[in-house]
Amino acid sequence: MLAMNYRGPYRVRVDEKPMPIILHPEDAIVRVTRSCICGSDLHLYHGMVPDTRVGMTFGHEFCGIVEQVGPEVRNLTAGDHVLVPFNIACGKCQFCQQGLFGNCHESNAQATAVGGIFGYSHTAGGYDGGQAQYVRVPYADVGPMVIPDWMDPDDAVLLTDVVPTGYQAAEMGGIQSGDTVVVFGAGPVGLMAARSAWLFGAGRVIIIDHIEYRLDFARTFCPAEVYNFREIDDMVVFLKKQTDSLGADVCIDAVGGDAAGNALQTLIGTKLKLEAGNAIALHWAINAVKKGGVVSIVGVYGPTGNIIPIGNVVNKGITIRANQASVRRLLPRLIDHIQAGHLNPKAMITHRVPLADIADAYHLFSAKLDGCIKPVVLPNGA
Amino acid sequence: MSRELVDTSKIPGWGVDADTRNNPTYPIRHREDLQTDGLNWDRPTQQAPDVEILQSIEHNRLPAVVGTSTPPTGLSGMIRRYAFRRSESDWWHWLLLMGADRINVVEGVIEDLSHGKVPNIPAEMGGRAEWQHNKKGLAVKVAVLAGVTLGLLALRRRR
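Top to bottom, those sequences are chains A and B.
Start counting the first sequence at 1; every next residue gets the next number (our numbering).
Start counting the second sequence at 1; every next residue gets the next number (our numbering).
Pulled out of the complex, with its shape left as it was, chain B reads as follows (with noise of 0.2 Å):
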């Protein structure tokens, strides 16, 4: 807790940007520096993907640059797909895509022991640095883990 008043005197810089203009509408809308209207600007040179690219229904064209970073793939890619159909203001929109997220985690470790590769996930949640900086943390972590583990065991074992 700090109760102590700042003595502005000793800030450097203190109210070099005052601006008795800067009313609640400056700067967000320069209108005036607008040379064009509507979807009418000088639009740069339009991307040609080679990946298949999720477009926004509510974009009316398709962005003269875009991402091209992991393209939809599977169940999650198809999920995907089907939240595009929909606006970004309906609700199903954003649920969907959330839930393709999940489905994606579930794929990304089918994919990694189809190659070969077992992912090390206490490594991959920064499991050193929990070591490293919250022991503590670590142990409860552990023991909330193992207590749920046994109780499920024990459950198991009256039925």
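Same shape as in the complex, but just chain A (with noise of 0.2 Å):
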């Protein structure tokens, strides 16, 4: 089969590569008709995840048809489209039985702070992911969803995190009737958490990045005020003036460690990996949110540490919440507002691209061009 393969960083390409197989008894074998590029991927791409070897297939985002089932396999049945999460949970342990599907401990040998995740490296278990023409998916029962026949496919495919990881953003927030909630970043998830936080009630979303073209589409999508920090003195301060100086009620950094914004952040965190990627965002946040106000990441860190104002999350008594997005768990919910149309994620598919292009998508996405929201890889063709 082909499948994507990482070379090092800012280097992928497809080759042959040996078909999946059933190495447990709750294996599923897929063949995947949709698989999106993430932002999370990025980071990947970048080379800033430790333990990313190279030969390793990325892809945590795809949907596909059930070719093969093991014999443990009860809910699934060959020829079945699912949809399938991008965390591998066993659905037993003592954090699955909380909810917590993110944060399973029965599917990451590599790591005990996070689950297995498709195609992430091997800090999250050493799985090859979608982007290929067929993966193998363990736990196939807990994870794997059978699409609704009135489901677009583009909607599938982005139910598998994106949407969950914004929508769990925005409820992580406890957003309150009437609260501000200031967004950083207008990729894919900050968008899905804006939209989101209309949702939970929110009375004012505030989008900051410092691309103009997703600005723009935010501003329609979402919809929401957006603001472009490179025009932009002091994030901060401008900021407070724009929540009568006391700070947004919540802040979401959707964001992580490949962050633009503070030439000091770039080069310890970016350049020189000394931390695990540029925090400006999350720095922005808790210094941006009010006094006993909450600040919601979902934005991706590596496993190390970053330089945070640590002090001010304490004086200023503010609640720090973040996960993985545990998708199984908001499955559901989000459904019925895609049936609802409360949510229409598939606008934000820009591009679509053979498996043979992938090196392009990844570039144009990584350096955000060609108005690049969006990609969704076809592995098996359209």
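Honestly, the hints are just simulated from the structure, not real lab data.
Keep in mind the model is a prediction, meaning the values are calculated, not measured.
Hints are not guaranteed to be accurate.
What the hints assert, rightly or not - No more than 25 Å apart at the CA atoms, straight line, and that leaves these computed lysine-lysine pairs for DSS-like: (1) 316/A with 240/A; (2) 10/B with 368/A; (3) 271/A with 141/B; (4) 290/A with 241/A; (5) 368/A with 141/B; (6) 10/B with 271/A; (7) 141/B with 273/A; (8) 346/A with 10/B.
Hints given; two lone chains; assemble the complex.
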């Protein structure tokens, strides 16, 4: 089969790889129909995530047709068209029982801090991902869900990560009716976080980024007030002025370690990798939130450490909430929202590429070229 | 820049998930749903991997399923094995893995060459997309690369 093959920072290609096989009685083999490149794949692509091995196949947002199931799989049969959450979750451990499907303890040998994730380095378990024609899906009865007949597969594939991650960012904000919510990052997750903030009753939603075409899209898609931090002298003072000098009720970091906007953080975090990426978005979130407010983090950082103003977290009595999205927990609610017309995730898709062109798609997405917001890869044709 | 306030009455679904009980401890810890304590849950069947799996020393047992992509090999593999003697809390664990990743890139090129394959690095880096959508940026990169190369050559001649 053909699969994306990571060769090093900023280098990927497509190669022939062996077909995946059933390795565990709860496995399924899925023929991939759609697979996205996620903003967090760019952290891998940029060489920021430790234990990202040459030869690995990325891709944690995908849907496809079940080809084969292991002997202990009860809920799926060959031919089912399923969406596959990015979390690999057993459904039995202490954390899965609490609905923390992103924190499963039975899916990642290499680290305890995070559960297994498809195609996301060995730090997230060492599983090949869905930017391939076929993929092995462990715990097939727990994560995958049959796509409803009425649902557009483009919406389905975005339910595997982007939509639940954005929604959970808003949910973790504990947004109360009328709250002012600031979202840092106008990438797909930031867009969904801003859109979801309205569902929780926000009174005002502000998005901060520096990519003009993304801010233009956010203005109408979310909709939201949008500001380009390149045009603002001091981000925190600006946001204070926007919020009666008190700060926002909720700040959401939907950027993570690939942020821009501070030369020192870029040097230490992005270039020298002495911290786990550039944490300026989180720095702004902490300093721009109201005393007693909530900072919700879904941006991805590496496992080492970051320079953030933790003293202000204490002094301001800020609640910080963060997690990988618990996709399986949120799916029923989000499917309802799509059916009701509250969410329209497929509108974010800007590019559709065959698997053969995946190197160009990564570069487009990484360099923010051609108005790219969300690229979808079609490993087995349209 | 956009300063217009959004009219919430025009947002489809505005407020439908508003929940005053959504205080900052909900819904992260549904502890009441726990049926077991500690590590005593009904475990899934244990996968028997046929490749080397490096295991965090913070795990007291191998998780029931494991990923089998790209087992550790070569010099990078030796460094990874050494890194996994240290905990996830140890900075050196991660720095060693990052170092192994960089060595692994060189190993990847050597592996390609050993199979008679010369990696097309410009294509792997999305050169076609750069040519189609960022000709100016590409020209700047080529000019900088040419300048640095010529500068190095000039320095070498002077010596």
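For a quick check of understanding: which of the numbered hints are violated here, in increasing order? 2, 6
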